[in-house]
Amino acid sequence: QQQVRQSPQSLTVWEGETAILNCSYEDSTFDYFPWYWQFPRESPALLIAIRPVSNKKEDGRFTIFFNKREKKLSLHITDSQPGDSATYFCAAIASSSFSKLVFGQGTSLSVVP
Amino acid sequence: EAAVTQSPRSKVAVTGGKVTLSCHQTNNHDYMYWYRQDTGHGLRLIHYSYVADSTEKGDIPDGYKASRPSQENFSLILELASLSQTAVYFCASSEDSANTEVFFGKGTRLTVV
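So the sequence lines, in the order shown, correspond to chains A and B.
Numbering-wise, the first sequence is residues 1 to 113 according to my numbering.
Numbering-wise, the second sequence is residues 1001 to 1113 according to my numbering.
No lab work stands behind these hints: they were computed from the structure.
From the three backbone atoms N, C-alpha and C, an ideal C-beta is built for every residue, glycine too.
Take the hints with a grain of salt, since some may be wrong.
Calculated from the model, a selection of chain A residues having no Cβ within reach of chain B, i.e. all distances over 10 Å [as the list claims (entries may be wrong)]:
| no. | residue |
| --- | --- |
| 1 | L11 |
| 2 | E42 |
| 3 | K72 |
To give an idea of the chain A side of the interface with chain B (calculated C-beta under 10 Å), a few residues [as the list claims (entries may be wrong)]:
| no. | residue |
| --- | --- |
| 4 | Q38 |
| 5 | A45 |
| 6 | F65 |
| 7 | F98 |
| 8 | F103 |
| 9 | G104 |
Cβ pair distances, simulated, as ranges [claimed, not checked]:
| no. | chain 1 | residue 1 | chain 2 | residue 2 | range |
| --- | --- | --- | --- | --- | --- |
| 10 | B | G1016 | A | R51 | 42 to 48 Å |
| 11 | B | A1052 | A | D79 | 43 to 49 Å |
| 12 | A | E58 | B | H1041 | 26 to 32 Å |
| 13 | B | N1028 | A | T29 | 25 to 31 Å |
| 14 | A | P82 | B | I1060 | 32 to 38 Å |
| 15 | B | R1109 | A | T78 | 33 to 39 Å |
Based on the sequences and whatever the hints tell you, model everything.
See the structure below:
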């Protein structure tokens, strides 16, 4: 049972375009949604995160849009750069559950110069 | 920044053999986790611990044991390694359930032959 789903599985954009990565979840007790990025042969690293009290979180070129009613969120990467090429994981935590991260399957993003 | 150190970084094990993966954190974190990542997939939780001398089962505990002898150390044990346990294993830690940032080690690449 996949509690966190991501789409698309892979995405290719040109340098300078906006990449949109989608995520949906099922468990209403999730109350923290971090996005991690992972480069080949490295460990996941926190990129940006949002709590359901907000419907938008911005950090430079990275923005999370959150729709609590539909249980959906998306990560927008504006002015995409080749260095953004990585696998992006949407994750979710219920703070009552010992900070156990539940990961989506990931979206592999390629930014072409 | 939080430091989580895993050893070994890579290992080749024989089917049916015993494997111990070690994790050490120096940040006084109460919560520690073991995740497994298979090629092209997200991370799945194997075991976790929120206090020394106690471990809890995660989502995929079968075939794995865990040990938390101290706050700093958390081991993952494969008593009878199988081919299906070939994967990258990540240890992680976080301060407590309210502080939800999770810090990952660099991973252990395990190949069972």
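Against the structure, the hints:
| no. | hint | in the structure |
| --- | --- | --- |
| 1 | L11 | holds (14 Å) |
| 2 | E42 | violated (7 Å) |
| 3 | K72 | holds (18 Å) |
| 4 | Q38 | holds (9 Å) |
| 5 | A45 | holds (7 Å) |
| 6 | F65 | violated (20 Å) |
| 7 | F98 | holds (5 Å) |
| 8 | F103 | holds (4 Å) |
| 9 | G104 | holds (6 Å) |
| 10 | B:G1016 to A:R51: 42 to 48 Å | holds (46 Å) |
| 11 | B:A1052 to A:D79: 43 to 49 Å | holds (47 Å) |
| 12 | A:E58 to B:H1041: 26 to 32 Å | holds (29 Å) |
| 13 | B:N1028 to A:T29: 25 to 31 Å | holds (28 Å) |
| 14 | A:P82 to B:I1060: 32 to 38 Å | holds (35 Å) |
| 15 | B:R1109 to A:T78: 33 to 39 Å | holds (34 Å) |
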